[in-house]
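Given only the sequences and the hints, what does the whole structure look like? Please build it.
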Amino acid sequence: MPSRKKTTMFASAFITCVCSFVMICVVLATQEWVSSKVRFSGTNSSVTVSLTYGLFRGTCEQFVDAGLQVSESTFQVADNLSNTKAKSMITAIIVILVLGLLSSLLSSGFTCTNAVSNPYQTFLGPTGVYIWNSLCGIFILIALILFPVNIEENSLSVELARGCFRALQTHTKSEHTYGYSYWIMLIVIFLNSASIIIIYCYEHARYSKKKEQERPIENAPTDVILF
Numbered sequence: 015m016p017s018r019k020k021t022t023m024f025a026s027a028f029i030t031c032v033c034s035f036v037m038i039c040v041v042l043a044t045q046e047w048v049s050s051k052v053r054f055s056g057t058n059s060s061v062t063v064s065l066t067y068g069l070f071r072g073t074c075e076q077f078v079d080a081g082l083q084v085s086e087s088t089f090q091v092a093d094n095l096s097n098t099k100a101k102s103m104i105t106a107i108i109v110i111l112v113l114g115l116l117s118s119l120l121s122s123g124f125t126c127t128n129a130v131s132n133p134y135q136t137f138l139g140p141t142g143v144y145i146w147n148s149l150c151g152i153f154i155l156i157a158l159i160l161f162p163v164n165i166e167e168n169s170l171s172v173e174l175a176r177g178c179f180r181a182l183q184t185h186t187k188s189e190h191t192y193g194y195s196y197w198i199m200l201i202v203i204f205l206n207s208a209s210i211i212i213i214y215c216y217e218h219a220r221y222s223k224k225k226e227q228e229r230p231i232e233n234a235p236t237d238v239i240l241f
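141 is the number that my numbering gives to position 127 of the sequence shown; each next residue is one higher, with no gaps.
What the hints contain is simulated information worked out from the structure, not anything from laboratory work.
Worth double-checking, as some hints may not be accurate.
Claimed, not checked - Here are the simulated BS3-like cross-link-like pairs (lysine-lysine), alpha carbons at most 25 Å apart as the crow flies:
| hint | residue 1 | residue 2 |
| --- | --- | --- |
| 1 | K187 | K99 |
| 2 | K51 | K101 |
| 3 | K187 | K101 |
| 4 | K99 | K51 |
| 5 | K20 | K187 |
Written as structure tokens, this is what we have:
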């Protein structure tokens, strides 16, 4: 059975890993990734399309010059995209987040195992926790970077606006505000870092205690050691 200190430390890391897993589920399930206002100019008037969407679906509203709402609808992100590059990047972000979800799940399993037992395999110990938490953090960081790149480089919001309302003409300006679904990914990275720090503190304390136990023998006189 593991010591009380080990159980406490790994149980704390387990809680942060589970929270990370839940947060990634929230990121995938909610659609408040970004809110965009996309402006188009026509021959006689200008139109503003307001969009709020995530990785799977969203809502869009159309306003004319005076701010009068003309129409409102919901849409599926994949169905509204004609730009292959933008659609591929959305798919890549979803895959990366699923990989992060699996990494977080494995990390939770590893920390739980170490909280209740002493695994013989090195990979099942702290090393495994370091690996899976690091991978999860890397996956989330990549998704955090790719999403705004997709918006700016591939005109994601413009493409979705045109998918909602086919009669739109020349795009003039876009404004983007990232929502809580996007910023939650920063919390996931923080939780993964917290898990690694907790296990590192435990490993460092155990190593220091082991060195202190060896020190009396190293400092003992030669005749005492021989005796």
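Structure-based check of each hint:
no. : hint        : verdict
1   : K187 x K99  : holds, 21 Å
2   : K51 x K101  : holds, 20 Å
3   : K187 x K101 : holds, 22 Å
4   : K99 x K51   : holds, 22 Å
5   : K20 x K187  : violated, 56 Å
Violated hint for the displayed structure: number 5, the only one.
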